[in-house]
Amino acid sequence: MLLLARFKIYGHSMEPQIGDGEEVLVSEVPFWFKKPQINDIVAFVSKDNKVLIKRVSGVVRGGYYVQGDNREDSLDSRRFGKVLPKQIMGKFIFKL
Amino acid sequence: MILKTLTSLLSVRTAYAHCDIPCGIYDPHMAQVAAHTVVRMTQLILDTKGTDSKSIHNVSRMTHVKEEHAGRIEEELETLRNDYFKDEHFKEYPDLEELIKDTIDFASKARQNIDMDVALKALAGTQAIAEIFYKTKGVTPVRVKSVYPTLGEIVTYK
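Taken in sequence, the protein lines are chains A and B.
Using this note's numbering, you'd call the opening residue of the first sequence number 1 and step up by one each time.
Using this note's numbering, you'd call the opening residue of the second sequence number 1001 and step up by one each time.
Note that these hints are calculated values from the structure, not bench results.
Hints may be right or wrong, so weigh each one.
[What the hints assert, rightly or not] Here chain B is said to cover these stretches of chain A; the calculated rule only asks that three of the stretch's residues, wherever they fall, bring their Cβ under 8 Å from a Cβ of chain B: (1) 4 to 12; (2) 17 to 31; (3) 61 to 68.
Predicted, not measured: the structure shown is a model, and the values here were computed from it.
Note that the Cβ used here is the ideal one computed from N, Cα and C, for glycine as well.
Bound-form chain A, shown alone (with noise of 0.2 Å):
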């Protein structure tokens, strides 16, 4: 978790909305007061230790499944399972 981070972004997974290369915001807080719901925006540590950032698409027993909007390109829960609630570090708060 934290309190307010900015990333860069690699990768087409997100597009239209987040596209490769560019900024966002990410935090905690709102996190703070409501869990993650379906269609926020989360990063989160991957079980190799890398961030990545898709959209919750569904809130199972024990953790969430997450999307890329890019479904077509996309590597998330349908290769790599639920993601814990651990392991969620935010939320995307707006592009830069």
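Chain A is fixed; fit chain B onto it per the hints.
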């Protein structure tokens, strides 16, 4: 302006909107081979009549192979569904999604049971999916007799 100043104070970290590696290498052949293996293992298990240790041991091994290959059918079809087939394919072949789902279900049941009927349905499903796959590739699918002991067909293309 204030926001810009504030955000400029934050160091830039990296986040990945990860893509799959677009290798473009997909083939329905593996699912068919796995389905033939499930049929063959089901045949062999059903043909084993003995209750001696050797028969029990053989059935255990064949069951293991049957489960492994039925699981492979599921994995191969999920890869085709998630990574290869696109919206336009599902529009052009409106039964495709249901066909993949049903075939995965048959593979799952063939894994859990000794049931020749569902094993053959899983095989038929992989063949039908292979035909659609080759059509989407712009080649003509053909059914040829396999050289496997199952004596069934395999879908390839010309």
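How the hints compare with the structure:
1. Coverage of a stretch by a chain is defined here by at least three residues with a beta carbon nearer than 8 Å to that chain's beta carbons; for the stretch 4 to 12 of chain A and chain B the count is 9, and the condition holds.
2. With a cut-off of 8 Å between beta carbons, the stretch 17 to 31 of chain A has 6 residues touching chain B; three or more are needed, and the interface restraint holds.
3. Taking a C-beta to C-beta cut-off of 8 Å, the stretch 61 to 68 of chain A contributes 1 residues in contact with chain B, too few for the three needed, and the coverage statement is violated.
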